[in-house]
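Undergrad: Spelled out, the chains give:
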Amino acid sequence: QQQVKQSPQSLIVQKGGISIINCAYENTAFDYFPWYQQFPGKGPALLIAIRPDVSEKKEGRFTISFNKSAKQFSLHIMDSQPGDSATYFCAAMDSNYQLIWGAGTKLIIKP
Amino acid sequence: DAMVIQNPRYQVTQFGKPVTLSCSQTLNHNVMYWYQQKSSQAPKLLFHYYDKDFNNEADTPDNFQSRRPNTSFCFLDIRSPGLGDAAMYLCATSRARYEQYFGPGTRLTVT
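So the sequence lines, in the order shown, correspond to chains A and B. Oh and the first sequence: position 22 is 22 in our numbering, straight run, nothing missing. Count along the second sequence from 1, add 111, and you get the number used in our numbering.
I should point out that these hints are in silico values taken from the structure, not numbers from a laboratory. Treat the hints with care, as some may be off.
[To be verified] In silico contact screen, one side only, chain B against chain A (beta carbon under 7 angstroms); selected entries:
#: 1; residue: 153
#: 2; residue: 197
#: 3; residue: 201
#: 4; residue: 206
#: 5; residue: 209
#: 6; residue: 210
#: 7; residue: 213
#: 8; residue: 215
#: 9; residue: 216
Note that this is a predicted model, so its numbers are computed, not measured. C-beta: ideal position from N, C-alpha, C; glycine also.
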């Protein structure tokens with residue numbers, strides 16, 4: 001119940017394409033869903049986050065889509081660029097304010 | 112710029128030799144976290160401070176200790192590092208327990 005399942009494990013997208021990473025959860029008490037971007041040798045950086053009362057949030061080229069009934073949420077990166085190549089983690093916050101992390105997706109954008 | 116700073120960025124220690132990692136923040140956030148991240152894995156929460164209240168995760172080894180002498184600083188002490196403790200150690204802060212901001216991490220090598 002405390003798990004967040006993230007897929008795919010790795011993803012290769014052509015420059016200019018749309019990158020889509022999916023996450024699913026079971027615990028309906030989760031109430032905050034952030035996405036983090038991490039470059040090799042760096043700390044994770046908060047990219048975008050959503051609360052369950054909103055179905056979509058967009059910031060620049062990054063969009064979170066949230067489906068409360070399906071208990072799924074996804075990150076869409078529009079017009080993907082080589083500089084977007086990184087590992088992306090989804091997460092969910094539980095009732096103890098702890099982040100439950102997905103396993104991560106290694107994204108490679110081919111020029 | 113307000114930020115989370117970790118020192119040193121790279122630390123090499125010998126098996127069993129105590130080591131201290133430090134974190135400071137200029138964000139004036141009241142919550143500080145220590146995470147351990149091993150290669151190709153998600154960060155794993157070790158403990159956190161909510162103001163001065165210390166919260167230890169149940170599966171954090173006794174070998175790991177922490178100190179928070181004031182709002183700005185937090186330390187991670189590893190009393191007797193083993194080879195399995197080699198990892199990236201990440202400090203993070205948050206104001207309202209939701210958005211967590213990470214430092215660049217300290218890469219610990221145990222020889």
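Undergrad: If a hint holds in the structure, say so; if it doesn't, say that too.
TA: Consistency of the hints with the structure:
no. : hint : result
1   : 153  : 4 angstroms, holds
2   : 197  : 15 angstroms, violated
3   : 201  : 5 angstroms, holds
4   : 206  : 12 angstroms, violated
5   : 209  : 5 angstroms, holds
6   : 210  : 6 angstroms, holds
7   : 213  : 4 angstroms, holds
8   : 215  : 5 angstroms, holds
9   : 216  : 5 angstroms, holds
Violated hints, in rising order: 2 and 4; the structure is consistent with all others.
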